[in-house]
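Asker: In the order they appear, the protein sequences are chains A and B. Residues in the first sequence are numbered consecutively from 57, following the numbering used here. Residues in the second sequence are numbered consecutively from 151, following the numbering used here.
No lab work stands behind these hints: they were computed from the structure. A portion of the hints provided could be inaccurate.
[Said to hold, decoys possible] The calculated lysine to aspartate or glutamate pairs, modelled on EDC-like cross-linking and capped at a C-alpha distance of 16 Å, are:
| no. | chain 1 | residue 1 | chain 2 | residue 2 |
| --- | --- | --- | --- | --- |
| 1 | B | Lys-244 | A | Asp-94 |
| 2 | B | Lys-192 | A | Asp-94 |
| 3 | B | Lys-221 | B | Glu-206 |
| 4 | B | Lys-172 | B | Glu-206 |
| 5 | B | Lys-221 | B | Glu-152 |
| 6 | B | Lys-187 | B | Asp-209 |
| 7 | B | Lys-187 | A | Glu-158 |
[Said to hold, decoys possible] To give a feel for the contact side, a few chain B residues facing chain A, derived at Cβ under 10 Å:
| no. | residue |
| --- | --- |
| 8 | Pro-158 |
| 9 | Tyr-186 |
| 10 | Cys-240 |
[As the list claims (entries may be wrong)] Derived list of chain A stretches under chain B, where covered just means 3 residues or more per stretch with a C-beta under 8 Å from a C-beta of chain B:
| no. | stretch |
| --- | --- |
| 11 | 122-131 |
| 12 | 135-144 |
Only a predicted model underlies this, so the values are computations on that prediction, with no experimental measurement involved. C-beta atoms are modelled at their ideal positions from N, C-alpha and C, and glycine is treated no differently.
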Amino acid sequence: EAQVTQNPRYLITVTGKKLTVTCSQNMNHEYMSWYRQDPGLGLRQIYYSMNVEVTDKGDVPEGYKVSRKEKRNFPLILESPSPNQTSLYFCASSPGTRTPYEQYFGPGTRLTVT
Amino acid sequence: GENVEQHPSTLSVQEGDSAVIKCTYSDSASNYFPWYKQELGKGPQLIIDIRSNVGEKKDQRIAVTLNKTAKHFSLHITETQPEDSAVYFCAASKARDSSYKLIFGSGTRLLVRP
Numbered sequence: 057e058a059q060v061t062q063n064p065r066y067l068i069t070v071t072g073k074k075l076t077v078t079c080s081q082n083m084n085h086e087y088m089s090w091y092r093q094d095p096g097l098g099l100r101q102i103y104y105s106m107n108v109e110v111t112d113k114g115d116v117p118e119g120y121k122v123s124r125k126e127k128r129n130f131p132l133i134l135e136s137p138s139p140n141q142t143s144l145y146f147c148a149s150s151p152g153t154r155t156p157y158e159q160y161f162g163p164g165t166r167l168t169v170t
Numbered sequence: 151g152e153n154v155e156q157h158p159s160t161l162s163v164q165e166g167d168s169a170v171i172k173c174t175y176s177d178s179a180s181n182y183f184p185w186y187k188q189e190l191g192k193g194p195q196l197i198i199d200i201r202s203n204v205g206e207k208k209d210q211r212i213a214v215t216l217n218k219t220a221k222h223f224s225l226h227i228t229e230t231q232p233e234d235s236a237v238y239f240c241a242a243s244k245a246r247d248s249s250y251k252l253i254f255g256s257g258t259r260l261l262v263r264p
């Protein structure tokens, strides 16, 4: 089944404790992206990757890091989480140059930072 | 930068009635407008999209219209069913934006009453 998977689905952590949220897609998509969803704000892009080893900042990159060492994986790293990063996070992928705008979303990761 | 406004924030309709959700965008260079449906506990799912060279697109009970002059686009759901209850997001993107970034509206919570 073609899908985007994220782990963990739920995470409660404390301020300053490094964490990684994994994202993997099995559709051989070139483009991957991370969004955060907050009430009343819709989804906002954090980082994106056009291909392996190519990443760039989205609208709200502060406090986040990403890496793209393999085509299928695009982990989101919070080096020192803070309470304002409490949010619902979504990973998305897209075929890329052929149909660049049809993005497929994962199930989400709900993060709480205390 | 691009800004997308979405109205209403909540919408309650009787089963069988029609539902209309409206979005306006600010960047006249935007040329791709997808609509996503998000069910509880799941990631957004693309339900229909339209590009700026088309004024209207239909897919069974769902239709989207685009008015480039006024910079607004709308989602129309006819013969609503309880399973249409969800949060709907509009988004906008530009062809020349290499980030393939989607700018999302703030969402509309649709409730279809049986």
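Asker: Does the stretch 135-144 of chain A contain three or more residues whose Cβ lies closer than 8 Å to a Cβ of chain B?
Answerer: violated (count 0)
Asker: Verify the interface restraint on B/Cys-240: the C-beta must sit less than 10 Å from at least one C-beta of chain A.
Answerer: 9 Å, holds
Asker: Any CB of chain A closer than 10 Å to the CB of B/Tyr-186?
Answerer: B/Tyr-186 check passes; min Cβ-Cβ to chain A is 8 Å, inside 10 Å.
Asker: Quick check: the stretch 122-131 of chain A, covered by chain B? Criterion 3+ residues, Cβ under 8 Å.
Answerer: Violated, because only 0 residues of the stretch 122-131 of chain A bring their Cβ atoms closer than 8 Å to Cβ atoms of chain B.
Asker: Keeping to a limit of 16 Å between CA atoms, is the pair of B/Lys-192 and A/Asp-94 held or broken?
Answerer: The given pair, whose Cα atoms are some 15 Å apart, holds under the 16 Å limit.
Asker: CA of B/Lys-244 to CA of A/Asp-94, is that 16 Å or under?
Answerer: Not satisfied, since the Cα-Cα distance of roughly 23 Å exceeds 16 Å.
Asker: Need the status of pair B/Lys-221, B/Glu-152: alpha-carbon distance at most 16 Å?
Answerer: 12 Å, holds
Asker: Taking the least C-beta to C-beta distance, is B/Pro-158 closer than 10 Å to chain A?
Answerer: 13 Å, violated
Asker: Are the Cα atoms of B/Lys-187 and B/Asp-209 separated by 16 Å or less?
Answerer: Holds, at roughly 14 Å.
Asker: Just to be careful, I want the Cα atoms of B/Lys-221 and B/Glu-206 compared with a cutoff of 16 Å; is the pair within it?
Answerer: Given that 16 Å is the threshold and the Cα spacing comes to 14 Å, the pair holds.
Asker: Please work out if B/Lys-187 and A/Glu-158 have their alpha carbons no farther apart than 16 Å.
Answerer: 14 Å, holds
Asker: Taken at face value, is the distance from the CA of B/Glu-206 to the CA of B/Lys-172 at most 16 Å?
Answerer: With Cα atoms ~14 Å apart, B/Lys-172 and B/Glu-206 stay inside 16 Å; holds.
Violated hints for the displayed structure, listed by number in ascending order: 1, 8, 11 and 12.
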